[in-house]
Amino acid sequence: MKLEEKKGEEMRNKIENKIEMRLSEMRKKQEEKRRQEEEKEKAREEDMRRQENRRSKEKRREAKKSEEKRREEKRSEEKRREEKQREEKRSKEKRSEEKRREEKQREEKRSKEKRSEEKRREEKQREEKRSKEKRSEEKRREEKQREEKRREAKRSKEKRREEKRREEKRREEKRREEKPCSQADLSQD
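The sequence shown lines up with residues 239 to 427 when you count with the numbering used here.
Some clues are possibly wrong.
[Said to hold, decoys possible] In silico EDC-like cross-links for lysine to aspartate or glutamate, where the CA-CA straight-line distance does not exceed 20 Å:
(1) K352 / E340
(2) K278 / E296
(3) K271 / E283
(4) K337 / E325
(5) K350 / E361
(6) K412 / E401
(7) K266 / E254
(8) K417 / E406
(9) K392 / E410
(10) K297 / E315
[Stated by the list, open to error] Estimated spans, in silico, between C-beta atoms of each pair:
(11) E269 / K295: 35 to 41 Å
(12) E341 / E365: 34 to 40 Å
(13) N255 / E276: 29 to 35 Å
(14) K317 / S354: 52 to 58 Å
(15) N251 / E276: 32 to 38 Å
(16) E376 / E401: 33 to 39 Å
(17) S374 / E341: 44 to 50 Å
(18) E385 / E406: 27 to 33 Å
(19) S334 / S374: 53 to 59 Å
(20) E326 / R364: 51 to 57 Å
(21) R364 / K327: 40 to 46 Å
None of these hints come from the bench; they were simulated from the model. C-beta: ideal position from N, C-alpha, C; glycine also.
Given only the sequences and the hints, what does the whole structure look like? Please build it.
Encoded structure:
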C-alpha cells in the first residue's frame, strides 16, 4: 500500500513537474511574446517619433521657406514701390524742367518781341522826326526861296523904279536942254 502511494506520489510529482515545466515554458513564451511586442511597440513609437520629427523639421523648413519667400516678395514690392516713386519724381522733375524751359522760351520770345516793338517804335519815332525835320527844312527852304523871290522882286521893282527915275531924269534934262533953244527960236521969230 505504501509502495503504491509512493508510486502515486512520484507519478503526481512527475505530472506536477511536467505541468510546471509546461507552465514555465508557456510563461517564458508569453514573456518573450510580451517582450517582442513591447520592443515592436517601442520601435513603432520610435518610428512614429522619427516621422513626427521629420514632419516637424519639414514643416519648419517649409515655414522658413515661406517666410523667406514672403520677405523676398516684400523686398521686391518695396523695391518696385521705391523705383515707382523715383520714376514719378523723375517724371515730375522732368515736367517741371520742361515747364520752366517753355516759360523761359515764352519769356525770351516776349522780351524779343518787346525789344523788336521798342526798336520799331524808336525807328518810327526817328522816321517821324526825320520826316518832321525834312518838312521843316523844306518849309525853311521854301520860305527862303519865297523870301529870296520877294527880295528879288523888290530889287527888280526898285531897279525899275530907279530906271524909271533915271529915264524921267533924262527926259527932264532933255526937255530942259530943248527948252532954251525953243525960246531962242521963238524970240528970233
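Next item on the list: Could you tell me which of the hints above the structure violates, numbers in ascending order?
Entry: The structure conflicts with hints 2, 9, 10, 21, although it agrees with all the remaining ones.
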